[in-house]
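Assemble the whole structure, with the sequences as input and the hints as a guide.
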Amino acid sequence: MEGHAGLLARQFSRLARELGRPAGLLLSFVLAACGQGSDGPTPAKMEGAASALQAEGSRPATKASAMSYQSELANYVAAIEGAQKSIREQPDNSLLKLETVTLYIERARLTGNYADYRQAELLLESAAAQTGPLSKACIAQAQLHYALHRLGAAGAALDACPASVAPELVAGLRADIAFYSGRYLEAEAIYVQLVNQVGTAQQYIRLALLRSRMGFPGEAAAFLEAAEKRFHGRSPATRAWLKLQRGVIAFDRGRIDEAIALYKLASDELPGWWLVDEHLAEAKRVGADMAGARAMYDDLVKRTGMPEHMDALARVLRESENPAAANAWVERAGMIYRERLKSFPEASASHAVDHFLQFGTPVEALALARRSAQLRPFGDALIALATAQFRAGLAGEAAVSIEGVLKSGWNTPQLHAVAAMIHAGLGRSAEADAARNRALALNRLAMRMYPLASPVQSELGP
Amino acid sequence: MRCVLAPLACLVCIAAAAAMEPAYTPRSDGEVLERLTTPRLPGMASLSELRNQWLAQPAHLPAALDYARAALELHRRDEDPRYLGYAEAALRPWFDRPRPPPEVVLMRAGVRVARMDVAGAEQDLNALIESAAPERHAARLTRAHLRLTQGDPAAALADCQTVAGSVSPLVAASCLAGARGLAGDSAGALASLDQALGANAEAPLSIANAAFIMAAELALRLGLEDVARAHFERALARMRAAQTTDPGLLAAYADFLLDRSEAVQVRALLAPYPRHDTLVLRLALAERALGLAGDATAVGAADEHTRNLVRRFRDMRLRLDTTHLREQAKLELQLRQDPKGALRLIQSSWAKLREPIDARIYLRAALDSREPEAARPVLDWLARTGLQDVRLASELAAVRAALPR
Amino acid sequence: MTELLAKWVCGMVYWLVFGLSSAAAHESSTSYLQLRVDGSQVSGRWDIALRDLEYALGLDTNNDSALTWAEVRDQHARIGRYALGHLVLRADLDACRITAGRLQIADHGSGRYASLELDGQCPHEPVSLSLDYDLLFDIDALHRGLLNLEFRGSHTGLFSPGEHVLRFQAAGASGWAVFSQYFRAGLAHVWTGWDHMLFLAGLFLPAVLRRHAGRWQPAERMRSALADTAIMASAFTLAHALTLSLAATGVFAPPTRWVESAVAATVLFAGLNNLVPMVYRGLFWLAGAFGLVHGAAMAGALIELGLPPGNRVWALLAFNLGVEVAQLAVVLAVIPPSFLFRRSAAYRWGVLVPGAVFITLVGAVWLAQRALDIELAFMGWLR
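Protein chains in written order, with my numbering: chain A, 1 to 462; chain B, 1 to 405; chain C, 1 to 383.
Treat the hints loosely; a few may be bogus.
[Claimed, not checked] Facing chain C, from chain B, some residues (calculated, C-beta under 7 angstroms):
id, residue
1, Ala23
2, Tyr24
3, Glu31
4, Leu33
5, Glu34
6, Pro39
7, Pro42
8, Glu88
9, Pro272
10, Arg275
11, Val310
12, Arg311
13, Phe313
14, Arg317
15, Leu318
16, Arg319
These are computed hints drawn from the structure, not numbers from a lab. Note that the coordinates shown come from a computational prediction; the quantities given were computed from them, not determined experimentally. Don't be surprised by glycine CBs; every beta carbon is placed ideally from N, CA and C.
Printed below as a string of structure tokens:
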């Protein structure tokens, strides 16, 4: 089932925001499909091209290094090529198209390439045209809209689902949408129900990611471990992703060494995956291993060309012997973001916000942050909005935004760190200290880890 | 100090005063020699925590920056020069690099501005402005303010206009208002600044208060004393609500109150701040005024504060520290009745600081020393900038009258 | 009686002026160092703010935000070690030993100071005194040290991170003291200057034994060898005395890097000349030319020492003499054995050639290092 894709998608979204990289939403899909669990190792059950993938997947993955990121990617490329060929041969087979849509989405998750979403969209439209609006395609449609941050459209697609569609799929996706709409308790209720009724790995994962955002990292880590135990699939990407998530939870608790260890385990599962590498690089940077972080970011930028990596490299370069080298990367990243904003305005808004908060002007950042918060009014987007408002001199509005997040049940160290900055700026010492203490209780490195939480450089003058 | 005894005793006294203070052994073990403070800004770690984090990893730039930033902020709040030294010491290892990180350069510029190293600060700011680093906006803004303090409104205006789109609206408005006001259009500047203040009521405290002080200054130049008072009071209320200290605000307000002969208010306002040189100076002025009005204890207090300031300024001179020349000139002029000394000091200060307050001291010192010619630079400056300030009116008239045509 | 009264009045004044001050404003960090150098005896007092010591050392052992006399006194040794670890007093080029004595308290305006009594001894009576001070600079870049020095007259100084070494010349030091100091400095400079010594060794060897047309040509007679050596030595001496004096008195100031590189080149040449004879007639011209270079290089040491204002020529002369005597010693160590064994093949191939090769290589390495700023790991020990 693909419902948990949403949860994972969301998780990546959050990560993407925090660490300034692309949609973590992507992978959730991959994992969704990969995480079919005991259903079988491969996502595609197609003739011809699929069999290659199947054969690949049915090979016992005794050594994790047997599968690397490159080989996974090659599999997908082969699978998609084969699938396209099949579609040309059978243009009326809407099921083929749906499965190809899934392939595209998964590949997009793996690579972070937005173009694949476009392809998926087109295919989906074509398939939906064939089968009619009320069909099984509604799930795929909802997932795609969801992945592209169009929560309203996703909800509408779900509404159009016939009763024959698996209720847990629909419920799961609705819960995911609720999460990103800021209705965490509603989401939580559904997840708990799903865990108790369905109880597969993916349900545990969703609950884990939610609880981690509500301030229960220990629980979250436990749920992830439970998910790992329940995941019997062979997909190395899923296993890697699970380790990665555990690492992220450790990272957010300020346990950098533990995070690095888990990230390395994730890398062992699927070597060469940029997503793991960027987390590892960031952990190294926070752990003061600047040389290590820089080497990894250098490599990442060459491999992926993603603007988020360019931003991260620029950040490290600014402290190096030649800080001017950072500027070229910032420019390039900025150009790519602007391009993306033109082609995928909803999907890319939240990722671009980080770039403009760090390297752009307050006005640009605020516009993007507003957009992003409007599309998905959940914790991270609202925290970014509060930061942008503060930077733009709207400290009062920033305080309102941040207090909204505090009341909603979101409970992360970053939230409290940013709240401390805003309260301090407004001269509310007691609130600032309280927020700071809350941040430190959750993560003793909170005041240093989140770049957006550091005070604005002298905006005044003497 | 004056010895009333035999010249020999005087010589011994003077020599001893020039020599070191006598060392002694305290009587009891429990005698408290020094009370220590753990300075902390709200929402931030205490300075010692940040310092320990820095000491644990002195080569880790973020740790050093956090410590230096906190130290700089504390310096602004407490006017304690040691904090400035701490900030500089933390960032020193990066100063020696041919191309230091832009955050470091910006902070170094801030340190240099605080130390009145104008040339050094400009060097750093220019380097940042010309680079593509995100700090260039803050650098340009700082340069604009630096140029305002140097009395160059045209250059300041250019910078303010360039940077206006890249900073928050109230910051931009303050910058522009300062430049326009100094160039002679205080009324227009005040109007636009008031508008900006109205539209950005909930700006961060330090930005808002800087805007209030600027607005009050503009109002005073126009002679709108009630408007100025209202702005000062609002800023003061916000400062108190935040339980922080803004020495610039307090000094400006005190000067205003002293001009209106409200010495009692000044004393009440500044009494809680015995550790800020600039405020002790105004306090001494208030107490002297009260003494002249008949308050006997105020005379002693004024003398004591004056002596302390004299000693502190002398120590500064020994250390070749030239950051308080304006205050020293004010001291000599208004408390020690030494207009010639004041004139020399303000002439030195004029090289780096040219604001209306400096012009006023300069004109008054020139008049009282009966050297109106010495005030030519001020007249030239006023003509160049076009500044209109009613507070300068009487001194200006007197100087012009005294000068041959 | 008047004296007592004067003291009492001064005390009163002190108390009035300093005792009554209420909590004074924040002052910058300053320490007050008072030193007196009498002959080779050092005495004085160093006042360091308790606030600064607390920041540097953490004196508040019970963490109650109050420093009591007991806490300070208990850490007397630590304070002394810390302070003296950041002060180096040198009599000419030799370090003086200073120890911390009694610890008391003094009031300098805002805040109390720890007042350390200082006692010490210099190895000899200094002609010039240098103080290297870096207390607290690593913690507070605005810290300053105010110095009051009694050393054949009163001197004052200000230590800052940018200027942490201050030098004082004795006005009116005895001629003998000046001479012996600078003579010793000249000796030390050559005997610790490997580049000079290697150069000398390499330069003078061809006087007694050289290669020519593929064959070794030992000098025939002692007299000719001596004559050659003497001529070269004179040329060298005159040349380097000239440039040394000019550079040391500031008449001309060649850039250090070029001078050091040129010295390395001369070493290289000198060594090579023994293996591949390039110049063996008119060696004294060579010696003169190279002498000019070496003189400029030696000036650096002399400039660091400083020339006493009243006795410049005398000091310069003494330094030159010291250099000459040291060089003579080197030549005497090298030439006679070379002359004695000049016909021995074992000596030639076992000592002379390897030695020349060594000198050549070292010269080449130094040249690369100094001229091109190349640093190789193993170069550390060569310096």
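Hints, one by one, checked against the model:
1. For B:Ala23, the interface hint holds, the least distance from its beta-carbon to any beta-carbon of chain C being 4 angstroms, beneath 7 angstroms.
2. Given hint, B:Tyr24 at the interface with chain C, holds; its Cβ is 6 angstroms from that chain's nearest Cβ, closer than 7 angstroms.
3. Here the hint on B:Glu31 is kept, as its CB sits about 5 angstroms from the closest CB of chain C, short of 7 angstroms.
4. Taking 7 angstroms as the C-beta contact cut-off toward chain C, the hint placing B:Leu33 at the interface holds, the least distance being around 5 angstroms.
5. The criterion of a C-beta within 7 angstroms of any C-beta in chain C is met by B:Glu34, whose closest approach is roughly 4 angstroms, and the hint holds.
6. A hinted interface residue such as B:Pro39 counts as satisfied when its beta carbon comes closer than 7 angstroms to some beta carbon of chain C; here the least separation is about 11 angstroms, so the hint is violated.
7. The interface hint given for B:Pro42 is violated, since its Cβ lies 19 angstroms from the closest Cβ of chain C, which is over the 7 angstroms cut-off.
8. Here the hint on B:Glu88 is kept, as its CB sits about 4 angstroms from the closest CB of chain C, short of 7 angstroms.
9. Contact between B:Pro272 and chain C, as hinted, is not supported at the beta carbon level, the nearest pair being about 11 angstroms apart and thus beyond 7 angstroms.
10. For B:Arg275, the interface hint holds, since its Cβ comes within 7 angstroms of a Cβ in chain C; the closest pair sits about 5 angstroms apart.
11. Nearest Cβ of chain C to the Cβ of B:Val310: about 10 angstroms, over the 7 angstroms cut. The hint is violated.
12. Restraint check, B:Arg311 versus chain C: the minimum CB separation of about 6 angstroms is within 7 angstroms; hint holds.
13. The interface hint given for B:Phe313 is violated, since its Cβ lies 11 angstroms from the closest Cβ of chain C, which is over the 7 angstroms cut-off.
14. Because the closest C-beta pair between B:Arg317 and chain C is about 11 angstroms apart, greater than 7 angstroms, the hint is violated.
15. At a threshold of 7 angstroms, the smallest CB-CB gap from B:Leu318 to chain C is about 6 angstroms, leaving the interface hint in force.
16. Annotation: B:Arg319 was flagged as interfacial toward chain C, and the flag holds, the nearest CB pair being 5 angstroms apart, inside 7 angstroms.
When the structure is compared with the earlier hints, violations turn up for hints 6, 7, 9, 11, 13 and 14 and for no others.
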